[in-house]
Structure formats: structure tokens, C-alpha cells
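S.K.: The UniProt record's numbering applies: residue 1 is where the sequence shown begins, and numbers increase by one.
Bear in mind the hints are in silico, worked out from the structure with no lab data behind them.
Computed from a predicted structure; not experimentally measured.
Heads up, the beta-carbon is just placed ideally off N, CA and C, and yes, glycines get one too.
Mixed in with the good hints there might be a few duds.
What the hints assert, rightly or not - Listed next, with one range per pair, are the computed distances between beta-carbon atoms:
id: 1; residue 1: E253; residue 2: D185; range: 42 to 50 Å
id: 2; residue 1: D10; residue 2: D92; range: 20 to 28 Å
id: 3; residue 1: V129; residue 2: G183; range: 37 to 45 Å
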Amino acid sequence: MTSDSEDPNDDVQYHLEVGEDDVADSVLLPGNPERVEKVVDYWDDHDIVAEHREYRTATGTHDGTPISVTSTGIGGPSAAIALEELARVGADSFIRVGSCGAIQEEASIGDLVITTGAVRQEGTSKEYVREDYPASADHRIVSALVAAAEELGYDYHLGVTCSTDSFYAGQSRPGFEDFEASGSDERIAALQEAGVLNFEMEAATILTLANLYGLRAGAVCTVYANRVTGEFRTEGERKAAKCASLAVSYLAEMDTAVEEADADGWHAGLSIER
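Could you build the full structure based on these sequences and the hints that come with them?
M.R.: Structural data, given as C-alpha cells:
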């Protein structure tokens, strides 16, 4: 039996202050609590069900599909807490919704990056599992995000993300008084050569934990900065939220199709008329 000191969660989760009836199966995970109100703008309806620390949670419907959103704050540690406690109250599908810095020239400001997998250049996931365990996105969620981006007419890029613990040194940016971390230039060059698309700070943790727990997760971020062109603009801020919300509705349809076909998993044949 787990002692109270090891697991302080009861009917209401310790950090998020949500209970089993407060969240839907699918939860969007922005970092900034202020983004919650921007996310729910695209829903049919919503209620704020909890607010504590950096965590703000709302639940409602999008195109008739139940959906929730919980802000995670910045970085892997707080994102892991959010996923842990949301899973404990029944959520099983998670989409990281945020902003990112592109490290490939073709990913322009305002474009979306849909993550297929993540480089685990953060520390939180390493406390759960060995470093060579892959942080891979759920293929059904990736497909739903692509379908949503296509329907909305958004420019998007599909590929590998790098998650870091530092906005500055970890992403090869200069620190205070132009401090430069050892190996900074070589690190970003190696990632670019490997075709990695972008930097952000939560995806690897979310994807790793979801895989470990038999849950589903993905990530979609709007490009705010391009490290190759030197541009920075907060353009298209709401695109990721709108894409992820629509993806949850697609995901529900995909799950229904799998169930009706008595299939083991989603595949393209379920949507192809012959």
C-alpha cells in the first residue's frame, strides 16, 4: 500500500485540483495559463473546473466532442505532474499545444510543426526511463493533427522536435552578458544536420510518459522564431490551438471507426472507400 507521503492524491489531485468528473478523455496541454482562454474560444462551450499554481483546467465540447485543456507551465517537470494527475482521473489522450523556435529554414514564422518524435534533451523523462527509450508520438494523434491542419489550410511541417530544459543555453542561445554554453554551436548544428525541426520544452516529457503508461500523446506548435533566418514574431498564435481542438474531434471519429470495424488499430484503409 502506498503511503500518503508518497502519494498525496485523494479524490482531488494535489497540484491540479481536478477530480474524476472534471476532465474529458482528451486533454490539450498548453504551457501558459493565459492560453487556456484562447484555446476554448474555438469550442462549443466550456467551464473552468480548476485553477491552482500554473495549472488552469477547462472542460467543454468541440463539434460535440468532449474535450479538456490544462496549462502545464514551462518545462518537463511541471508537464509531467500535469500528465500524471490527469491520467489518474481518467484522461488517456494528450496533445501538447504551444509555440516553438524552428531550426530549419523552411519552417516559416506562423507555420505549424506537428511532432512525430522528440529528442530527449531534457532531464525529466530520464528520471522515468533509460535515455535511449524513444519519445514517439501516437500515430493516430499525428494523423488527426495532419487532417486538422489540412482542413484548416495551415502550412505545417511533420518531423522530429528537440525538447530542452533551458530556453537560453539549452537551445544554443546566448545567456546573460552573452554567456555561451560549452558546445552550443556544435549542438545546434548537429540537430540541424539530423533534420530536427524545432526547439520547445515539453513534448519529449509528455510523449515519453504517455508511452510508458500506455496512453496517447502528440504535439503541435506554432513557429514564433526561426533560428536560421533570425526572425521572431508572435504570428499565428491561435493556429496550434485551433488545429489541436479539431484534431480531438477527428480522433473521436477515428476511434469510432476502429471500434466499428473491430480493428486492432487505426489504419488508412478505414477511411478509404473502395
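S.K.: Would you mind marking each hint as holding or not holding in the structure?
M.R.: Here's how the hints hold up against the structure:
1. E253 to D185: 42 to 50 Å: holds (46 Å)
2. D10 to D92: 20 to 28 Å: holds (21 Å)
3. V129 to G183: 37 to 45 Å: About 25 Å separates the Cβ atoms of V129 and G183, which means 37 to 45 Å is violated.
Violated hint for the displayed structure: number 3, the only one.
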